[in-house]
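Peer 1: Kindly produce the complete structure, drawing on both the sequences and the hints.
Number of protein chains: 2
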Amino acid sequence: MEIRRKIPSAPSVRRLPSYLTIVKQLQHEGNEHISGALIAREMGLEPIQIRKDLAITGITGKPRIGYPAGALADAIERFLGWYDVQDAVLAGAGNLGSALMGYREFQSHCLNFVAAFDTDSRKIGAGIHGIHVLSMETLETEVRRRGVKIAVLTVPAEAAQAVTDILVRAGIEGIWNFTNVKLKVPGNVVVQREDLSSGYAMLSVMMKTRNRTEKESP
Amino acid sequence: MEIRRKIPSAPSVRRLPSYLTIVKQLQHEGNEHISGALIAREMGLEPIQIRKDLAITGITGKPRIGYPAGALADAIERFLGWYDVQDAVLAGAGNLGSALMGYREFQSHCLNFVAAFDTDSRKIGAGIHGIHVLSMETLETEVRRRGVKIAVLTVPAEAAQAVTDILVRAGIEGIWNFTNVKLKVPGNVVVQREDLSSGYAMLSVMMKTRNRTEKESP
Chain S
1 MEIRRKIPSA PSVRRLPSYL TIVKQLQHEG NEHISGALIA REMGLEPIQI
51 RKDLAITGIT GKPRIGYPAG ALADAIERFL GWYDVQDAVL AGAGNLGSAL
101 MGYREFQSHC LNFVAAFDTD SRKIGAGIHG IHVLSMETLE TEVRRRGVKI
151 AVLTVPAEAA QAVTDILVRA GIEGIWNFTN VKLKVPGNVV VQREDLSSGY
201 AMLSVMMKTR NRTEKESP
Chain H
1 MEIRRKIPSA PSVRRLPSYL TIVKQLQHEG NEHISGALIA REMGLEPIQI
51 RKDLAITGIT GKPRIGYPAG ALADAIERFL GWYDVQDAVL AGAGNLGSAL
101 MGYREFQSHC LNFVAAFDTD SRKIGAGIHG IHVLSMETLE TEVRRRGVKI
151 AVLTVPAEAA QAVTDILVRA GIEGIWNFTN VKLKVPGNVV VQREDLSSGY
201 AMLSVMMKTR NRTEKESP
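Protein sequences, first through last, are from chains S and H. Counting in the working numbering, the first sequence runs from 1 upward without gaps. Counting in the working numbering, the second sequence runs from 1 upward without gaps.
Just so you know, these hints were derived from the structure itself, not from any lab. Ideal Cβ positions, reconstructed from N, Cα and C, are used throughout, including at glycine. Fair warning: there could be bad hints in the mix.
[As the list claims (entries may be wrong)] With beta-carbon atoms standing in for the labels, derived distance ranges:
hint: 1; chain 1: H; residue 1: K184; chain 2: S; residue 2: R145; range: 45 to 53 Å
hint: 2; chain 1: H; residue 1: E105; chain 2: S; residue 2: D165; range: 17 to 25 Å
hint: 3; chain 1: S; residue 1: A159; chain 2: H; residue 2: I48; range: 31 to 39 Å
hint: 4; chain 1: S; residue 1: V85; chain 2: H; residue 2: D87; range: 40 to 48 Å
hint: 5; chain 1: H; residue 1: G127; chain 2: S; residue 2: E137; range: 28 to 36 Å
[Said to hold, decoys possible] Non-contacting residues of chain H with respect to chain S, defined by C-beta distances greater than 12 Å in every case (computed):
hint: 6; residue: P63
hint: 7; residue: I65
hint: 8; residue: R122
hint: 9; residue: T138
hint: 10; residue: G147
[Said to hold, decoys possible] Below, in silico cross-link-like pairs of lysine to any residue (SDA-like), each with a Cα-Cα straight-line distance of 20 Å or less:
hint: 11; chain 1: H; residue 1: K208; chain 2: S; residue 2: P8
hint: 12; chain 1: S; residue 1: K123; chain 2: H; residue 2: I128
hint: 13; chain 1: H; residue 1: K208; chain 2: S; residue 2: P11
hint: 14; chain 1: S; residue 1: K149; chain 2: H; residue 2: I128
hint: 15; chain 1: H; residue 1: K208; chain 2: S; residue 2: V168
hint: 16; chain 1: H; residue 1: K208; chain 2: S; residue 2: I59
Peer 2: This is the structure:
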């Protein structure tokens, strides 16, 4: 597989986990080969788009046969680095943090929460979905001691930058940021900002477009 | 403003809520005009991308002055239909559902949860973030009675299609689907599927790319 220097298109990367779910499901149902057309139907996208997206992983399908199911799943997981367990900490064990800790898909994507951190004394010492909640005061020591590189940030907006500074000092290299704060981090740390409103924007535009089309062509 | 027939590019639409947050914040800080370059810096994107994205709302900035802050916020909200309150129901009041009900940004985007529905008798009758949890058995009647058109689906995967069928019968026109199930719906219903793993895929690829670059150019 050729290693590419360029960061591939974000929408393509964002679709890969859905492809992986579909491929594993079809494989589980006994399919040895999976066509781009079949994935396209499941995703509601054009087959050409599927082929382009999957090409970033280095795999190419065969005309009329498709992709070997096992090799396709492997190629996606290898491209994403989802073959080795990656330890992560979660900062902010509120509702969203708890939901993410309980999200079963993450385990199959090798994302392993080793601990969660919160300032609420009623939560500290407890377990959420089997993950220990520790005091936010121990965040820096624990991250450093365990050598964790990934942090999921679900603290209130007011605390986002202060907690980020601690994470950076402790050696975190990647932050998945669910707050709507633009974090200041040094160049060696990457931040993926997640805005839950993005999906609602898509839904709103699709509903508006559909209503307009219906009114125009009754 | 010209009404466009085409659905605009998904990544552009997905970025609009972040632009809206930035614009409102800058406006709140006293800026009457906001340049594309300023938004670009906040977002970590190229100015040309910002101009292209904002153009879908029908607004164009002036060279060296930028966009009038109020008009820009209005254009984004109008494009997304986020100026009238939209009632919604939430099906599945687990951790993720609770997190979404408590997500403050949705209120400022005119998304109003009128009720949540669950099968857990310990939750039914209670309130989560001030929103009533009702029995899933009353879902169809309540949605129909209140004339709600939007549903957020956060039920377990096994229940996703059955609950969707009820929502469709009750007159729901847009489903924001947080399960990883591809829902079968009639052509007049739109579904926005949200995969929480998408952001983790982005973070994984960014971390891999950065590590490779660092190793190659120490």
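Peer 1: Next, verify each hint and record whether it holds.
Peer 2: Checked hints:
1. K184/H / R145/S: 45 to 53 Å: With Cβ atoms ~49 Å apart, the hint holds.
2. E105/H / D165/S: 17 to 25 Å: 24 Å, holds
3. A159/S / I48/H: 31 to 39 Å: For I48/H against A159/S, whose Cβ atoms are near 34 Å apart, the range 31 to 39 Å holds.
4. V85/S / D87/H: 40 to 48 Å: Check passed, 43 Å falls within 40 to 48 Å.
5. G127/H / E137/S: 28 to 36 Å: Between G127/H and E137/S, where Cβ atoms are some 32 Å apart, the hint holds.
6. P63: 25 Å, holds
7. I65: 23 Å, holds
8. R122: Holds, because the least Cβ-Cβ distance between R122/H and chain S comes to about 16 Å, which exceeds 12 Å.
9. T138: Check passes; 24 Å lies beyond 12 Å.
10. G147: Non-interface label stands for G147/H: nearest chain S Cβ at 15 Å, farther than 12 Å.
11. K208/H / P8/S: The hint holds at about 12 Å.
12. K123/S / I128/H: 18 Å, holds
13. K208/H / P11/S: Holds: K208/H and P11/S sit about 17 Å apart, inside 20 Å.
14. K149/S / I128/H: 34 Å, violated
15. K208/H / V168/S: 18 Å, holds
16. K208/H / I59/S: Holds: K208/H and I59/S sit about 18 Å apart, inside 20 Å.
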